[in-house]
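A.B. asks: Next come the chains, spelled out residue by residue.
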Amino acid sequence: MGADGKAGAVVAFAGHCRDEDGRLSALEIEHYPGMAEREIEAVCQQAAERWELMRVRAVHRFGMIAPGEEIVFVACASRHRQAAFDGASFIMDFMKTRAPFWKREHLEDGTTGSWVSARDTDEAAADRWHRL
Amino acid sequence: MKLVYFAWIRERIGMNEEEVVLPAGIVTVADLLHWLKGRGPGYDAALQAPEIVRVALDQEHCDHSDPIGHAREIAIFPPMTGG
Numbered sequence: 001m002g003a004d005g006k007a008g009a010v011v012a013f014a015g016h017c018r019d020e021d022g023r024l025s026a027l028e029i030e031h032y033p034g035m036a037e038r039e040i041e042a043v044c045q046q047a048a049e050r051w052e053l054m055r056v057r058a059v060h061r062f063g064m065i066a067p068g069e070e071i072v073f074v075a076c077a078s079r080h081r082q083a084a085f086d087g088a089s090f091i092m093d094f095m096k097t098r099a100p101f102w103k104r105e106h107l108e109d110g111t112t113g114s115w116v117s118a119r120d121t122d123e124a125a126a127d128r129w130h131r132l
Numbered sequence: 001m002k003l004v005y006f007a008w009i010r011e012r013i014g015m016n017e018e019e020v021v022l023p024a025g026i027v028t029v030a031d032l033l034h035w036l037k038g039r040g041p042g043y044d045a046a047l048q049a050p051e052i053v054r055v056a057l058d059q060e061h062c063d064h065s066d067p068i069g070h071a072r073e074i075a076i077f078p079p080m081t082g083g
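In order, the protein sequence lines correspond to chains A and B.
Residue numbering for the first sequence follows the working numbering, beginning at 1 and increasing consecutively.
Residue numbering for the second sequence follows the working numbering, beginning at 1 and increasing consecutively.
For the record, the hints were derived by calculation from the structure and aren't laboratory data.
Hints should not be assumed to be uniformly reliable.
As the list claims (entries may be wrong) - Which residues of chain B face chain A? A few of them, derived with a C-beta cut under 8 Å, are:
| no. | residue |
| --- | --- |
| 1 | GLN59 |
| 2 | PRO78 |
| 3 | GLY83 |
As the list claims (entries may be wrong) - Label-pair ranges, simulated between beta-carbon atoms:
| no. | chain 1 | residue 1 | chain 2 | residue 2 | range |
| --- | --- | --- | --- | --- | --- |
| 4 | A | GLN82 | B | GLY40 | 52 to 62 Å |
| 5 | B | GLU60 | A | ALA66 | 26 to 36 Å |
| 6 | A | PRO33 | B | GLY69 | 15 to 25 Å |
| 7 | A | ALA66 | B | ILE52 | 28 to 38 Å |
| 8 | B | GLU19 | A | GLY8 | 46 to 56 Å |
| 9 | B | ALA45 | A | GLN82 | 39 to 49 Å |
| 10 | B | ILE52 | A | LEU107 | 20 to 30 Å |
| 11 | B | ARG39 | A | GLY8 | 54 to 64 Å |
| 12 | A | MET1 | B | ALA45 | 45 to 55 Å |
Stated by the list, open to error - Quick partial rundown of chain A residues pointing at chain B, CB under 7 Å, derived from the structure:
| no. | residue |
| --- | --- |
| 13 | MET35 |
| 14 | VAL72 |
| 15 | MET95 |
C-beta: ideal position from N, C-alpha, C; glycine also.
All chains should be modelled from the sequences, with the hints used to inform the complete structure.
C.D. replies: What follows is the structure, encoded as structure tokens:
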């Protein structure tokens, strides 16, 4: 992403599926087709403008995901490193709270577990960007 | 208009989507949720705590106080848990 000689920094983040100490066989991710893509595009656009990012990529998977596999990937390229770090962090915080995806656990014993609950700490992480 | 449901809201209501004709007097998103809750046990279970439910009008997030206006597709879902 930074191979054109203009960007001095590329930050990439990958979020992986945990096995939760052997409890999970998979995560199932449901999404709202159409709105999910629009929300991801909107948050990438906001980050690109706010930090003058040169390039932004964001990918979010859906369907069945096994422990160890990637769920989400974000990469930002910028002139200096702090913008790329902040941009990637901002995109992750807003993807978690605004992009319409829902996780459900599938358990190692073959049963379908519960839907993952939203965490207040994720909302707080997104809110902090309004105060900076 | 089309209503679409996701995650445990979809499961409790028992369908992915439906076409509905709203009765007169339903102006805001909150009015819609209140009306839906009274449509049967599944709806009641899905909307036990309507204040935590998220709603999108034509794929844009909205507040419960927003008017429904001329939205063609209204999505109702739990707080997002992606990422």
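A.B. asks: Give a verdict on every hint.
C.D. replies: Here is what the structure says about each hint:
1. About 4 Å separates the beta-carbon of GLN59/B from the nearest beta-carbon of chain A, less than 8 Å, and the hint is met.
2. A hinted interface residue such as PRO78/B counts as satisfied when its beta carbon comes closer than 8 Å to some beta carbon of chain A; here the least separation is about 6 Å, so the hint holds.
3. The restraint placing GLY83/B at the interface with chain A holds, with a minimum CB-CB distance near 3 Å, inside the 8 Å limit.
4. Checked against the given bound of 52 to 62 Å, the beta carbons of GLN82/A and GLY40/B, roughly 53 Å apart, stay inside it.
5. In this structure the hint that GLU60/B and ALA66/A lie 26 to 36 Å apart at CB holds, the actual value being about 33 Å.
6. Checked against the hint of 15 to 25 Å, the C-beta distance between PRO33/A and GLY69/B comes to roughly 23 Å, which is consistent with it.
7. Remark: the range hint 28 to 38 Å for ALA66/A to ILE52/B is upheld by a beta-carbon distance near 30 Å.
8. At roughly 54 Å, the beta carbons of GLU19/B and GLY8/A sit within the given window of 46 to 56 Å.
9. Taking the beta carbon of each, ALA45/B and GLN82/A are about 47 Å apart, inside 39 to 49 Å as hinted.
10. At roughly 25 Å, the beta-carbon separation of ILE52/B and LEU107/A lies within the given 20 to 30 Å, and the hint holds.
11. Between ARG39/B and GLY8/A the C-beta distance comes to about 57 Å, which sits within the given range of 54 to 64 Å.
12. Between MET1/A and ALA45/B the beta carbons are some 46 Å apart, a value that agrees with the proposed interval 45 to 55 Å.
13. With a cut of 7 Å, the hint placing MET35/A at the interface with chain B holds, because the nearest CB-to-CB distance is about 4 Å.
14. A distance limit of 7 Å between C-beta atoms decides the matter here; for VAL72/A the minimum to chain B is near 5 Å, and the interface restraint holds.
15. Here the hint on MET95/A is kept, as its CB sits about 5 Å from the closest CB of chain B, short of 7 Å.
No hint from the list above goes unmet by this structure.
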